[in-house]
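J.: Take a look at the letters that make up each chain.
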Amino acid sequence: MSDRARRLGHTARRLAFPYALLLPALAIFAVFVFFPFLKNFQLALYKTPPFPGLPSKYVGFSQISKVLTSSDFRNSLWVTILFALLTVPAGIFLGLVLAVLAHQKLRGVGIYRTIFSSTVATSVAVASVVFGTLMSPQVGLLPWLGINPSPAILSNPTLALPAVALTTIWQNLGLSFILMSAGLQAVPEDLLEAAQVDGAGSWTRFWRVTVPSLSPTIFFAAVIGSIYAFQTFGQIDLLTQGGPDNKTNVLTYFIVTQLHQNQNPGYAAVLSIALFSITLVLTLLQLRFLERRVHYAR
Amino acid sequence: MGRVLLEHITKRFDDVVAVNDLTLEAHDEELLVLLGPSGCGKSTVLRMIAGLEHPTDGRVSIGDRDVTEVEAKDRDIAMVFQSYALYPHMTAGKNIDFPLRARHVPAAERTQLVEQAANVLGIGDLLDRKPGQLSGGQRQRVALARAIVRRPEAFLMDEPLSNLDAKLRVQTRAELVDLQRRFQATVVYVTHDQVEAMTMGHRIAILDQGVLQQVDTPQAVYERPANVFVARFIGTPPMNTLTGRVTASADGTTFETPGVQVPLPVTTAAAVAAAGVVEAVLGVRPEDLRLSATGPIAAKVILVESLGHERHVIGRLDDGQTLIVRIPGDVAPPEDGEQIALTPTSGGLHLFDAASGQRVDG
Numbered sequence: 001m002s003d004r005a006r007r008l009g010h011t012a013r014r015l016a017f018p019y020a021l022l023l024p025a026l027a028i029f030a031v032f033v034f035f036p037f038l039k040n041f042q043l044a045l046y047k048t049p050p051f052p053g054l055p056s057k058y059v060g061f062s063q064i065s066k067v068l069t070s071s072d073f074r075n076s077l078w079v080t081i082l083f084a085l086l087t088v089p090a091g092i093f094l095g096l097v098l099a100v101l102a103h104q105k106l107r108g109v110g111i112y113r114t115i116f117s118s119t120v121a122t123s124v125a126v127a128s129v130v131f132g133t134l135m136s137p138q139v140g141l142l143p144w145l146g147i148n149p150s151p152a153i154l155s156n157p158t159l160a161l162p163a164v165a166l167t168t169i170w171q172n173l174g175l176s177f178i179l180m181s182a183g184l185q186a187v188p189e190d191l192l193e194a195a196q197v198d199g200a201g202s203w204t205r206f207w208r209v210t211v212p213s214l215s216p217t218i219f220f221a222a223v224i225g226s227i228y229a230f231q232t233f234g235q236i237d238l239l240t241q242g243g244p245d246n247k248t249n250v251l252t253y254f255i256v257t258q259l260h261q262n263q264n265p266g267y268a269a270v271l272s273i274a275l276f277s278i279t280l281v282l283t284l285l286q287l288r289f290l291e292r293r294v295h296y297a298r
Numbered sequence: 001m002g003r004v005l006l007e008h009i010t011k012r013f014d015d016v017v018a019v020n021d022l023t024l025e026a027h028d029e030e031l032l033v034l035l036g037p038s039g040c041g042k043s044t045v046l047r048m049i050a051g052l053e054h055p056t057d058g059r060v061s062i063g064d065r066d067v068t069e070v071e072a073k074d075r076d077i078a079m080v081f082q083s084y085a086l087y088p089h090m091t092a093g094k095n096i097d098f099p100l101r102a103r104h105v106p107a108a109e110r111t112q113l114v115e116q117a118a119n120v121l122g123i124g125d126l127l128d129r130k131p132g133q134l135s136g137g138q139r140q141r142v143a144l145a146r147a148i149v150r151r152p153e154a155f156l157m158d159e160p161l162s163n164l165d166a167k168l169r170v171q172t173r174a175e176l177v178d179l180q181r182r183f184q185a186t187v188v189y190v191t192h193d194q195v196e197a198m199t200m201g202h203r204i205a206i207l208d209q210g211v212l213q214q215v216d217t218p219q220a221v222y223e224r225p226a227n228v229f230v231a232r233f234i235g236t237p238p239m240n241t242l243t244g245r246v247t248a249s250a251d252g253t254t255f256e257t258p259g260v261q262v263p264l265p266v267t268t269a270a271a272v273a274a275a276g277v278v279e280a281v282l283g284v285r286p287e288d289l290r291l292s293a294t295g296p297i298a299a300k301v302i303l304v305e306s307l308g309h310e311r312h313v314i315g316r317l318d319d320g321q322t323l324i325v326r327i328p329g330d331v332a333p334p335e336d337g338e339q340i341a342l343t344p345t346s347g348g349l350h351l352f353d354a355a356s357g358q359r360v361d362g
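These protein sequence lines are chains A and B, in that order.
The first sequence begins at 1 in our numbering and counts up by one.
The second sequence begins at 1 in our numbering and counts up by one.
Bear in mind the hints are in silico, worked out from the structure with no lab data behind them.
Glycine is no exception: its CB is placed at the ideal position from the N, C-alpha and C atoms.
Don't take each hint at face value.
[What the hints assert, rightly or not] Derived list of chain B stretches under chain A, where covered just means 3 residues or more per stretch with a C-beta under 8 angstroms from a C-beta of chain A: (1) 11-25; (2) 98-108.
[To be verified] Here are some of the chain B residues that sit facing chain A, going by a computed Cβ distance under 8 angstroms: (3) L52; (4) A85; (5) H89; (6) G93; (7) Y222.
Using the sequences provided together with the hints, build the complete structure.
T.: Right under this line is the structure:
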């Protein structure tokens, strides 16, 4: 009997030990991730008073539905989607083009690889300042070249979002290039050789063998790129501050202005939940696809 | 079908000579095996025929056409890769269809050809599966079907059986031979497995360090190896090779080394005299040695290995050289440490020049 009790005690200790080891990490996560995350949901249920100092009022789900149906939110969501559509496909396409160019057995091709991937080492602030200067109506290169619309590019309702998108594409190009290069290197050489022997020209080989082999990489880049696009803040803050006329007011920037300028944490909390949900869906999509990729293993 | 002709082919990778001045022809409807140890250049030769490598020197012809400067896609050959190289994102059917599609064969004809090729290989019911859902043997069949779906001038096969388990390998070997006969195909087949080479090849070309050693029928290569390398490479267990000296006297010409005094046949003796060979290598296959009460070779048994149907007696000569004797399983083997005498069978002796390694009697 005592033998059995001892064995039970031993089993209990063996099971508890791993959890004990997880506790410190769990504590940090609880304070800095789980608590703010849950608190945000709570904030979304309370309406912030019009004047500071008054108590916030519990309004339940009414604030959520009000914010999500507001034209400001719909505009911001649309701007964000448009921004993702402008940046993600173009970024992947350019990254792939550069990767294909650099995927040659040529002397000195390493220099090109370094140059193509160098924007990874550039911060958002630097990229924004560089492009802000290029497009500046006073000192910019583009106006000097004769491209000088009125109003100026970054204050132009039609051109501001594409201009910020261009900055973002440039900044993310290094990452896109590195992802596509890695993908290209993983395409088995014997598949391309088999296609060659099977009579396929270089164009057919690229479209029917290389691109399908790259599809997991392309999908990964698309999801990661979309998540990045939905979390864009720095470029907007430095180049356009959401303007002109909210034409570049992406979700994250909208959240920050609601929180800081309008002092409206309830409203900002609802926007955060919306952004979280979109990112969650994108992430789940990515996970599901990564599982499917197993079938690609030969 | 057509022949494949290589003329004075050399391939250098930087400072490494992978293939050196190779001239070789696979005749029309012949199954020619390129055999050699890994790194001997046999795969490079195959890749040059395919157009995947460009020779540094020399000419490649397929059929009556000089294809040295022709791209792989325009060479009209089919290749089976060691890895099978199936397109993982396409079904088996689409894989088989790929060479037809790439060559713009009309759709109706393609469907029929794919079906035929699949039926020949017994994979008609697997066409909708992707390579990841197939077993190794099934993938191999898909790869073969993709090769035979067209009627190219020649088939190139790069160790196509090496990824199969032993049992499947033996079975597929026979099927490949049967396919080759039915299609009357010209096949260049690369392998490092001498059993595959012996059983499948009409002729075998043996390569070592990029140099062609011998081309002949399997039986001829086995019975009259051109040099010491071929002698040792073909046969399991390998041919015994003893180094020693050749001496001529009034009684005839003998090969001598401590404990060994083997009289050479008259024809060999004449060739030795003509070539002036003194330092020599005597080759004798394990099955061409007989245990006897007295004999020209004296050895001490160091190990007896039993394989059931036969035994390998490993003996050591007085000067430390070892040799293997093959005896039937029902013959009582000698004891370890026992002194034995061995007699070579008539016609079982091969003599090579020790300096060049070449066979002395032509």
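J.: Hint by hint, note whether the structure agrees.
T.: Evaluation of the provided hints:
no. : hint   : in the structure
1   : 11-25  : violated (count 0)
2   : 98-108 : holds (count 4)
3   : L52    : holds, 5 angstroms
4   : A85    : holds, 4 angstroms
5   : H89    : holds, 4 angstroms
6   : G93    : violated, 15 angstroms
7   : Y222   : violated, 33 angstroms
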